[in-house]
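Please build the complete structure, drawing on both the sequences and the hints.
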Amino acid sequence: MAASAIPFIIFTVLWGIVGVVLPFIVPKGPNRGIVQVVLILTAACCWLFWLCCYMAQMNPLIGPKLHQNTILLMAREWGNPITDL
Numbered sequence: 446m447a448a449s450a451i452p453f454i455i456f457t458v459l460w461g462i463v464g465v466v467l468p469f470i471v472p473k474g475p476n477r478g479i480v481q482v483v484l485i486l487t488a489a490c491c492w493l494f495w496l497c498c499y500m501a502q503m504n505p506l507i508g509p510k511l512h513q514n515t516i517l518l519m520a521r522e523w524g525n526p527i528t529d530l
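Residue numbering for the sequence shown follows this note's numbering, starting at 446 and increasing by one per position.
It cannot be assumed that every hint is accurate.
Cβ-Cβ distance ranges computed for the label pairs, FRET-style [unchecked claim]:
#1 N504 <-> I470: 33 to 43 Å
#2 W523 <-> L459: 37 to 47 Å
#3 L493 <-> N525: 22 to 32 Å
#4 D529 <-> I462: 53 to 63 Å
#5 I451 <-> V471: 27 to 37 Å
#6 A520 <-> V466: 49 to 59 Å
#7 T487 <-> G508: 24 to 34 Å
#8 I470 <-> W523: 51 to 61 Å
#9 H512 <-> G478: 58 to 68 Å
#10 G474 <-> C497: 32 to 42 Å
#11 T487 <-> R521: 29 to 39 Å
#12 H512 <-> V466: 46 to 56 Å
For the record, the hints were derived by calculation from the structure and aren't laboratory data. Cβ atoms here follow ideal geometry from the backbone N, Cα and C, with glycine treated the same way.
In structure tokens form, the structure reads like this:
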């Protein structure tokens, strides 16, 4: 998977709007400060969680474990027979 800047920009703008713009739109009331902090923390946590998941897909730590027969069959079907085993 190649890293692309477009998803990064889109999700950063999305969570930036939630964390920076929406706290200014909260109506006045006794809990306005709490709602603003909740919006900011929600945006920060969700963006960080998304970023970790996105980056984990770039270089996965684990992958599928295939048996030798499966690898040989796949290579033969894809037109790249392995002959040096």
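**OP:** Note whether the CB distance of I451 and V471 lies within 27 to 37 Å or breaks it.
**Re:** holds, 30 Å
Subject >> Range hint 51 to 61 Å (beta carbons of I470 and W523) holds or violated >> reply: Given about 55 Å between the Cβ atoms, the range holds.
Original post:
Between G474 and C497, is the Cβ distance one that fits in 32 to 42 Å?
Top reply: holds, 34 Å
Subject >> Status of the given 33 to 43 Å range, CB of I470 versus CB of N504 >> reply: Since the Cβ atoms of N504 and I470 sit about 39 Å apart, the hinted range of 33 to 43 Å holds.
Subject >> Range hint compliance [Cβ, H512 to V466, 46 to 56 Å] >> reply: holds, 53 Å
Original post:
Using the C-beta atoms of W523 and L459, is the stated range 37 to 47 Å upheld?
Top reply: Holds, at about 39 Å.
Original post:
Per the hint of 49 to 59 Å, is the separation of the Cβ atoms of A520 and V466 within bounds?
Top reply: holds, 53 Å
**OP:** Determine whether the Cβ-Cβ distance between H512 and G478 falls within the hinted range of 58 to 68 Å.
**Re:** The hint (58 to 68 Å, Cβ to Cβ) holds, given that H512 and G478 are roughly 59 Å apart.
**OP:** Using the beta carbons of L493 and N525, state whether their distance is inside 22 to 32 Å or not.
**Re:** Hint violated: Cβ distance 41 Å, outside 22 to 32 Å.
Subject >> Assessment of proposed distance window 53 to 63 Å (beta carbons of D529, I462) >> reply: About 56 Å separates the Cβ atoms of D529 and I462, which means 53 to 63 Å holds.
**OP:** Return holds or violated for the Cβ distance of T487 and R521 against the range 29 to 39 Å.
**Re:** violated, 51 Å
Original post:
That 24 to 34 Å hint for T487 and G508 (C-beta), does it hold up?
Top reply: holds, 33 Å
In terms of the numbered hints stated before, the structure departs from hints 3, 11, listed from lowest to highest.
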